[in-house]
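> Sequence:
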Amino acid sequence: FYLVIIHNTESPLISFSGVDACLSSLKTCKTYINTGMDITTNVALDLVENHSEFSFGIYSYVMLEYAVMNRELSHYVQAVEDTIKQDKSEVVPDLRHLVMERFRNLESKNCNADLQRNEKVVLFKEQIQQMKAQGKCGFIAKLIMLCMVSVPLLPLSLTTNL
1 FYLVIIHNTE SPLISFSGVD ACLSSLKTCK TYINTGMDIT TNVALDLVEN
51 HSEFSFGIYS YVMLEYAVMN RELSHYVQAV EDTIKQDKSE VVPDLRHLVM
101 ERFRNLESKN CNADLQRNEK VVLFKEQIQQ MKAQGKCGFI AKLIMLCMVS
151 VPLLPLSLTT NL
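Residue 155 in the numbering used here is what sits at position 155 of the sequence shown, and the numbering runs on without skipping anything.
Quick caveat, the hints were computed from the structure, so don't treat them as lab data. Quick caveat: nothing in here was measured; it's all calculated off a predicted structure. C-beta atoms are modelled at their ideal positions from N, C-alpha and C, and glycine is treated no differently. Certain hints may be false.
Stated by the list, open to error - For each label pair, taking beta carbons as the anchor points, the in silico distance ranges come out as: (1) Asn34 / Glu101: 26 to 34 Å; (2) Val122 / Lys27: 16 to 24 Å; (3) Ile39 / Asp114: 17 to 25 Å; (4) Asn42 / Gln86: 37 to 45 Å; (5) Asn105 / Asn50: 40 to 48 Å; (6) Glu101 / Ala133: 46 to 54 Å.
Can you build the whole structure from these sequences, using the hints too?
Structure, rendered in C-alpha cells:
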C-alpha cells in the first residue's frame, strides 16, 4: 500500500488514493473470474450436449476453485475497505497488518458449503440438471453433479503471495 501524508497546520491527513486505485484493479479482477466461470460452464455444457466422454470432474473442480478465488478476492477487498473506513487516527497506520488481520478474520468464517451457494456454481448445477431433464445427457450429467458435491478443494490463498 502506498500512503500519501499531507501535512497542514492542524494535523496530518492521509490520502488513500493509491489504495483506492489498487482496489479498483482488484474489483476488475472479479469480472475476469466471472468470465472464467462462464467459459467453464459453456464448455462443460457443450461437452454434455454432445455426449462427450471427457472427464467432467475437472470442470466441477474448476468451478469450485473459481468460487474460492471469488470469495477470497471479495474478502480481501472488504478487509481493505473496512480498514480504511475504521482508521481515523492521526498516526499513520500499519495498513498491511490491519488489512491482513481483518482478512484472516473474514476467511476464518469460510466453509465449503458457501461455495456450493455461489451464484455461478448454482447456475452451473441448474443448467446441467435442465439438460438432464430434457434428456440431452445421462451418465455424464450425473457424474458432474456428483463431482460438484464430492470434489475436495485445495486451499488457495491470497495471503501466500503477500
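> Does each hint hold? Answer for all of them.
Right, here's what the structure says about each hint:
no. : hint                        : in the structure
1   : Asn34 / Glu101: 26 to 34 Å  : 28 Å, holds
2   : Val122 / Lys27: 16 to 24 Å  : 22 Å, holds
3   : Ile39 / Asp114: 17 to 25 Å  : 23 Å, holds
4   : Asn42 / Gln86: 37 to 45 Å   : 41 Å, holds
5   : Asn105 / Asn50: 40 to 48 Å  : 46 Å, holds
6   : Glu101 / Ala133: 46 to 54 Å : 47 Å, holds
Of the numbered hints listed earlier, not one is contradicted by the structure.
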